[in-house]
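Novice: Chains A and B are the protein sequences, given in the same order. Take the first sequence: its position 448, counting from 1, is numbered 448 in my numbering, and each next residue is one higher. Numbering-wise, my numbering comes out as the position in the second sequence, counting from 1, plus 660.
For the record, the hints were derived by calculation from the structure and aren't laboratory data. Since this is a predicted model, take the numbers as computed values, not measurements. Backbone N, C-alpha and C fix where the C-beta goes; we use that ideal spot for every residue, glycine too. Hints may contain errors.
[Stated by the list, open to error] Footprint (simulated), chain B over chain A, 3 or more residues, beta carbon under 8 angstroms: (1) 301-311; (2) 568-578; (3) 632-642.
[What the hints assert, rightly or not] In silico DSS-like pairs for lysine-lysine, Cα to Cα no more than 27 angstroms straight-line: (4) A:322 with B:787; (5) B:723 with A:334; (6) A:322 with A:348; (7) B:672 with B:750; (8) B:787 with A:278; (9) A:348 with A:276; (10) A:308 with B:749; (11) A:55 with A:157; (12) A:322 with A:334; (13) B:749 with B:681; (14) B:674 with A:308; (15) A:620 with A:157; (16) B:787 with B:750; (17) A:55 with A:110; (18) A:300 with B:750; (19) B:681 with A:278; (20) B:672 with A:277; (21) A:55 with A:231; (22) A:276 with B:672; (23) A:620 with B:674; (24) A:245 with A:300; (25) A:157 with A:591; (26) A:231 with A:278; (27) B:749 with B:787; (28) A:514 with A:157; (29) A:300 with B:749; (30) A:245 with A:514; (31) A:300 with A:278; (32) B:723 with B:672; (33) A:322 with B:674; (34) A:322 with A:343; (35) A:454 with A:468; (36) A:208 with A:63; (37) A:308 with B:723.
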Amino acid sequence: MIFEQVVMHNFGVYRGEHRIDLDVTPESPVVLIGALNGAGKTTFLDAMQLALYGKSARCSGRKRVSYPEYLESMINRDAPPHQGAGVEFAFRARANGQDTSIRVSRTWQKRGDAVKENLEVFRNGEHDAVASERWIEYVEDFMPSQIADLFFFDGEKIEALADPLHSSALLRVGIHSLLGIDLVESLLRSLQQIERKRMTDTASESDKSMLQSVEAQRNEIRQGLESNMQKRASLQNDLDSIEMKEAAVLAEFKRLGGDLLVQREQLVSEQEYYHKKKAEIEDELRILAAGALPLMIPAKTLEIAYSKALEARRNGNVDVLKAEAESRDAAIEKFAGTLGLGKPALAKLSSHLRQDRAHRYQSSVSKWEISEELLTQYGHEATEAMGRVAEYTLQSLADVEEHLTAVERNLGAVPASAEVSRILQETDAIKADCAKLQAMMSLLDDEVAAQRFKLERLQAQAEREAEKLGESLTRDEVSRRIVDHSSRGRKVLASFRERLLANNLQRLELLILKYFQRLIRKKSLVHGIAIDAESFQISVTNLAGQLVPAHRLSAGERQLLAVATLWALAHASGRFLPAVIDTPLSRLDSKHRGSLVQNYFPMASHQVILLSTDEEVVGKYLDQLSPFVGRYYLIEHDESANTSRFVDSYFSHSHSEVRV
Amino acid sequence: MTSIETVRISEKAKTQLITMKRRTGIANWNVLCRWAFCLSINQPTRPPEEVIPSDSTVEMTWKTFTGGAEDVYWGLLLVRAEEDGVAQKKEALSHYFRLHLHRGISYLSGANGPSDLPQFIRLALPKI
């Protein structure tokens, strides 16, 4: 990738907007920036770091300060408060076989007590919201923070790396970063992230507490229900005893004939009915009495009478004959009168005839007949039948009279209403109490029903929560497994990394050797480089194969070794990143300075941002370097404007400006 | 042939009949008289001689008295008259009849007589 431009706005000593183009050509890859100490060189470098890495940028003066405080402190003193500050970094990178221009713009303002930061990423000129949001991840693709450190070095770092005491640590970091181990590291990080996420994803306490709370509620309701059931049982007892009391009172009521009073109306109507019935039956009896019934009394005499009547009928002829005889006798007496007999003779004749007649024709004493009709109507059978009817009717009458007596007895038993009303009052009072108790019980039942319903619901809810919790716990189970596998994976990756390392160390050793030999003058001094896989100590072996301990090298030589190491690491990383080198020569003696200027700077990378004081890349060094310089800048401080500024210029031989 | 045409009641008998009316609720004189006559006819003894005045206002025809069964009641009287040796003469029979009737009325209203309608009816029914 290639840096294209850096923009600083109200950043540090740079008031207002400052655009610095950094683009170069392959033939002239160096951008030479001259600056006196304190002019704003470090600030410039910080701007680049800050734009790319934000919170995790390693800026100078950032050591003990929080990020918002740091941002606030970097807002130029003279900037209007509402404008805030900003840094931009534009670069070109190759992604997916295509060249893409990326511009990162990070701005911030002071808002009250807080600092509001805004990050925007533009891809090929267009705002890329996703990239803006996930820049921390994205930047790792272009300029991994670990590696950046090693393309971004200054004299101090070189010195530190040259120091045998610290070099191994730095080397370790560098190797890890550059040998593709960064990918492994990235993967390890991802796994760790997953593990961490999984571990925080465990069944939250809130799920457990939810279940507990539901269970607590349920238990409470259950208790309430139990107490209500007890209340109900006691109410039931009360109700039972009242009902017993009611029964007792009712019994007394009955005993007093109270129920009869109630029946009184009915009894009265019954009484009326039976009276009516009785009268009807009596009428029937009277009708019978008016008939042939009395004839049953003199039954024997009646028999005799009937037989005599029959006899009389039989004797009816006698009368006819007697009448005939009378008429004949009369005729005879008349004839005798014509015979001339005397009166005494005629009288004798008449009386004789009469006696004769009487003797001859004795008429029954009973001069009475009875018709056939009457015989039938008043005959034996008829009266017998009538007798049976009479018997039956009398029985009916007796029954009715019995009913009537009973009814009237009951009516007689009806008590005085005064006594009964007392009992009725008592009954009413008991009934009222009973009703009250029943109402209470009904309310209680409603409450119980509601509680039961709630209990069911809570039980269902508790079960659901338990299920959920079970699922969370299962999820935990799954998470645990994932974490387990992940950590094992990490172990594998770690061992892979070791092997990767081991494999690459050899290559690295060769590279360091190559570059070191390019840089030092005593080529014979160094024949081999060895890096200890564990301690990352670099050892140099001479022609004889002997280990040359580090302290045997001069300070300058050690520094060159450090540069060679960094160079080798950069090369070995396979990344084409620009190199940013900050005042590297100050601690080198002139012997070795020249080596760096000639052998290293132009070839450090396809783009080299080189910062120099007025005592470093000047004079002959400048001459040596200038064929490879694409741009010159000078950072100068403008007192009147109270700002530092990039100027298209450089230190002249005589410290006066050289227009290039 | 019936010889009696009118039935006449004594004042005493009238009072007795009123009692019977009260007791039985039977409203008609003739019904009560019929029952009285039958009761007396049924007595085996001859009714004792008595002077019976016709001093009440109560009287009825033979037809009314007998309820249309004139010959039947006449027959009863004749049979008893013969048994008791009463002459077959109009006056004798008429008197004999009155003796029976009034004896019957006395019996009805007496201490041994029926005190209500059912007892009255029972007079005609065979004793259980």
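Novice: Which earlier hints turn out false for this structure, listed by number in ascending order?
Specialist: 2, 3, 4, 5, 9, 13, 14, 16, 20, 21, 22, 23, 24, 26, 27, 30, 31, 33 and 36
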